[in-house]
Amino acid sequence: MTHLALKNISKHFGDFTAVRDFDLEVKKGEFVSFLGPSGCGKTTTLRIIAGFEIPSSGVITINDMDITNKAPNQRNVGMVFQSYALFPNMTVSQNIGFGLRVRKEKESEVKDRVAEMLSIIHMEEKANSYPYQLSGGQMQRVALARALAIRPEVLLLDEPLSALDAKIRVALRAEIRSIQQKLGITAIYVTHDQEEALSLSDRIVVMNKGEMEQVGTPFEIYNFPTTVFSANFVGTLNNASAEVVDPANGLISIGGVQFESAVDLKERKKGDKVRVAIRPERLGFASEQKKANVVDCTIENITFLGSIVRIQVTIGKAKFYMDTFNNPFLELPKIGDKDQVTCSKEAVLVLDE
Amino acid sequence: MTFITRLRRFPFWSWLWFMTGALYFILPLLATFEFSLSWDPQYPLKAYQRAFEDQRFWNSFMYSNMLALTTILISIILIVPTAYWIRLRLPQARRIVEFITLMPFVVPAIILVFGLIRIYSQPFTVPFTDIVILQPLTNFKMGTNILIVAGYMVLSMPYMYRSVDTGMRTVDVRTLTEAAQSLGANWFIIITRIILPNIRSALLSGALLTFAIVVGEVVLASFLGVSAFGPYLFLLGQHRAYEPAALSFVSFLLTWLVMGLIQLVTGSQEQAAGAH
Chain A
1280 MTHLALKNIS KHFGDFTAVR DFDLEVKKGE FVSFLGPSGC GKTTTLRIIA GFEIPSSGVI
1340 TINDMDITNK APNQRNVGMV FQSYALFPNM TVSQNIGFGL RVRKEKESEV KDRVAEMLSI
1400 IHMEEKANSY PYQLSGGQMQ RVALARALAI RPEVLLLDEP LSALDAKIRV ALRAEIRSIQ
1460 QKLGITAIYV THDQEEALSL SDRIVVMNKG EMEQVGTPFE IYNFPTTVFS ANFVGTLNNA
1520 SAEVVDPANG LISIGGVQFE SAVDLKERKK GDKVRVAIRP ERLGFASEQK KANVVDCTIE
1580 NITFLGSIVR IQVTIGKAKF YMDTFNNPFL ELPKIGDKDQ VTCSKEAVLV LDE
Chain B
629 MTFITRLRRF PFWSWLWFMT GALYFILPLL ATFEFSLSWD PQYPLKAYQR AFEDQRFWNS
689 FMYSNMLALT TILISIILIV PTAYWIRLRL PQARRIVEFI TLMPFVVPAI ILVFGLIRIY
749 SQPFTVPFTD IVILQPLTNF KMGTNILIVA GYMVLSMPYM YRSVDTGMRT VDVRTLTEAA
809 QSLGANWFII ITRIILPNIR SALLSGALLT FAIVVGEVVL ASFLGVSAFG PYLFLLGQHR
869 AYEPAALSFV SFLLTWLVMG LIQLVTGSQE QAAGAH
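Here the protein sequences come in this chain order: A and B.
Here the first sequence is numbered in my numbering, starting from 1280 and rising by one per residue.
Here the second sequence is numbered in my numbering, starting from 629 and rising by one per residue.
Any given hint might turn out to be false.
Some, not all, of what chain B presents toward chain A, calculated at C-beta under 7 Å [what the hints assert, rightly or not]:
{"#": "1", "residue": "P719"}
{"#": "2", "residue": "T803"}
{"#": "3", "residue": "L804"}
{"#": "4", "residue": "E806"}
{"#": "5", "residue": "Q809"}
{"#": "6", "residue": "G812"}
{"#": "7", "residue": "I822"}
{"#": "8", "residue": "N826"}
{"#": "9", "residue": "V878"}
Keep in mind that the hints were calculated from the coordinates and are not lab data.
Glycine residues also receive a C-beta, built at the ideal position from the N, C-alpha and C atoms.
Using the sequences and the hints, build the whole thing.
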């Protein structure tokens, strides 16, 4: 059943369109991420759900109730901000209990709920600390507890981990996901970090220039991108201009080098210009594995990235990256060597030019 | 460490300028204090006793304190929401408002008081008729009090507005407001429980400056004919020698006492905020 619905939402600031025709239905307990570069409209969309921006057109519903024009303090939507936004004049307990006291809940109930939230974020011993006495990670956990304490219909998270260092970010994102699943709360998460979106979400909305590029599970978004932007933004991707050679058999040509794709090309005609996309990890040396597409290449560059080794090769006139797992016995080619690379036909994605 | 090395590391010029500045301010004060004790060598505190015995001193001092507190209260009620709204929703209006708040530096108090007297010494009538709805404000005590508080609000506006605005700059007003809104708070709760407590030190600074301006102000009080502390001190200075020196010294002590208290309060608050 749909819990949160955004129907045909658009937002204009003067001549600038921040969000255009945004349509999304979110199920109860689902974790949805808005992923995209700066200025793509993801935060504006989140702020529209929170009530900080009123959409120029469209409707927002929670449990089928129209909240489009409701004030932010009447929506029962919890929000976690990038800058934590803890009230500096209040202790951790007072911050967490603020929303409940505003709602004039009984003091005994407030205390119980605050204790429950402190236990969930494992910060019981910091109950009487002030925000300035906490680390960034602790502050964001308190901000999360404060947003959850009011039992919101929807939890909104606006790049909550951006201000934290890498290790804490990884730990905290696992904690956020675990708490969200434990409480079964519907969450919308805004991020420009693809790894965060892929690891946390039930579904991802890839956004670009105010529009939805693709909506899907992390698996779908990574493996089956439907647009060039989506393919490029999520993960590293080789892409090159190509031409359809034989639509019936899925044959395409990249600068004269022929590839076979598993994508259905029946709706395209011979000679159609398309864009071919292949993930670096789907390419391998032909000697290592026999696959459908075996093509000649020249080794251009080799970059050591720790667990993987990235090899740049030229196929025809196009440059491609190929990733291979690092191991101590790996025999790497030399720059300038001629070799052959291969990939399965499923690895060859065909997108509109 | 040799003596020469120590000598080289001693910030001689910094200390020289600091001491010169300190002497420039402290010497006249010491001279005033010394003079205030010299009325009767047998009884050095005579000037202080005489000054405090005068009922007109207490009346004018208390009256000026009341004016100062009223000015501070109304200034806070007007300026805090204004500065808050400009930071939150009207950042484009900040330059205009800052320009307006600086006007008291350009327009002297004497111009202000003549303008007030000229406009408010006439009765308020229903437009295009002679029906009087309010007597001239200068004709009755409450009216004059309203005028003088309004005038003091204008004079203290640059200090109060800037203090409040600076205080709001140190806290992320917009995000704190949005966080409070998302938790269900209305505007009244946001201002009283989130904004005001977080700009407390700025409010205290603005309030102190306003207090100092109002208690020592002479021009507005003289021309509006009220028995405030400024005109009293001025008159006393014209007719007596030792009591004004004693009162001036006491005024300085009072100001320093208040400043010390503010430092105490804001110091602990800044220590708290500093760890962010």
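Which numbered hints fail = Violated hints: 1 and 9; rest satisfied.
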